[in-house]
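Trainee: Numbering (full-length UniProt numbering), first residue to last: 1 to 241.
Just so you know, the hints here were simulated from the structure itself, not pulled from any lab data. You may find that some hints are simply not true.
[Unchecked claim] Computed spacing ranges between beta-carbons, pair by pair:
#1 His24 with Trp131: 19 to 25 Å
#2 Pro237 with Thr175: 39 to 45 Å
#3 Pro54 with Thr120: 34 to 40 Å
#4 Arg130 with Arg109: 25 to 31 Å
#5 Thr2 with Thr95: 30 to 36 Å
#6 Arg187 with Arg133: 30 to 36 Å
#7 Arg87 with Pro16: 24 to 30 Å
#8 Pro54 with Gly208: 52 to 58 Å
#9 Arg181 with Ala230: 42 to 48 Å
#10 Arg187 with Arg20: 25 to 31 Å
#11 Leu23 with Leu156: 25 to 31 Å
#12 Phe55 with Thr137: 42 to 48 Å
#13 Leu96 with Leu152: 33 to 39 Å
Keep in mind that this is a model prediction, so the values were computed, not measured. No residue lacks a Cβ here, since even glycine has one placed at the ideal position from N, Cα and C.
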Amino acid sequence: MTVLLISDLHLEEERPDITRAFLHFLATRAADAEALYILGDFFEAWIGDDAMTPFQHDIARALRRLSDGGTRVFLMHGNRDFLIGQRFCREAGCTLLPDPSVVELAGERVLLMHGDSLCTRDLAYMRLRRWLRNPLTLWLLRHLPLKTRHALARRLRKESQMQTRQKAAEIVDVTPEEIPRAMHQYRARRLVHGHTHRPAEHALVVEGEPATRIVLGDWDRQGWALQVDAQGFLQAPFPLA
């Protein structure tokens, strides 16, 4: 059976081309798959399940149709949508995965991550990430007035874009030493993650054994999906049109 893995769609109303491509993807390739894994930054921003827009409800209903049709749907938080909660998952018929998670694909232990936790050289971001993911901070964020959450999300997004432009490329990419450490910790020889928007397959050696890191592509100028089936692991782009 086929399993599909995608990440970094950054869905928002301002990009109807990505939304159309995703809905077509659900109705065609994903409908024939055993499972679909979405590894974070599914939405460009998420300020809480209680603040879902009609657009976000439409996406949830599309995922529910896929789930009702027999495809299992798994969702992992990204740095843009870490406030997605169980209310959305119930509506969408999907299962929320912790980051990281280990699953079995094609008979292999595969480590799944969003990827931002691997960027340990970006010290400012790692401090912010620890603060934002603190359970107390999450509780406070979910209970702020909607107007305040909207303003905070806009501010964080603006600052993130500005800092990314200013930082060196190696700072915002994953730290190479973190890859074998994580794979050793979770006893996996294959790692799949997104976040960096640098789709590639990297061969490496972990504890003297061959290993592979697959970086999922983002959906911007084109879409990307990793397909796992009897032929192995293959990632390929496709047009959004």
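Trainee: Does each hint hold? Answer for all of them.
Mentor: Hint by hint, here is what the structure shows:
1. His24 with Trp131: 19 to 25 Å: violated, 38 Å
2. Pro237 with Thr175: 39 to 45 Å: Since Pro237 and Thr175 have Cβ atoms about 26 Å apart, the given range 39 to 45 Å is violated.
3. Pro54 with Thr120: 34 to 40 Å: Holds: the Cβ-Cβ distance is about 39 Å, inside 34 to 40 Å.
4. Arg130 with Arg109: 25 to 31 Å: holds, 27 Å
5. Thr2 with Thr95: 30 to 36 Å: violated, 18 Å
6. Arg187 with Arg133: 30 to 36 Å: violated, 24 Å
7. Arg87 with Pro16: 24 to 30 Å: This hint holds: roughly 25 Å between Cβ atoms.
8. Pro54 with Gly208: 52 to 58 Å: holds, 54 Å
9. Arg181 with Ala230: 42 to 48 Å: violated, 31 Å
10. Arg187 with Arg20: 25 to 31 Å: violated, 40 Å
11. Leu23 with Leu156: 25 to 31 Å: Distance hint for Leu23, Leu156 holds at roughly 28 Å.
12. Phe55 with Thr137: 42 to 48 Å: violated, 26 Å
13. Leu96 with Leu152: 33 to 39 Å: Since Leu96 and Leu152 have Cβ atoms about 22 Å apart, the given range 33 to 39 Å is violated.
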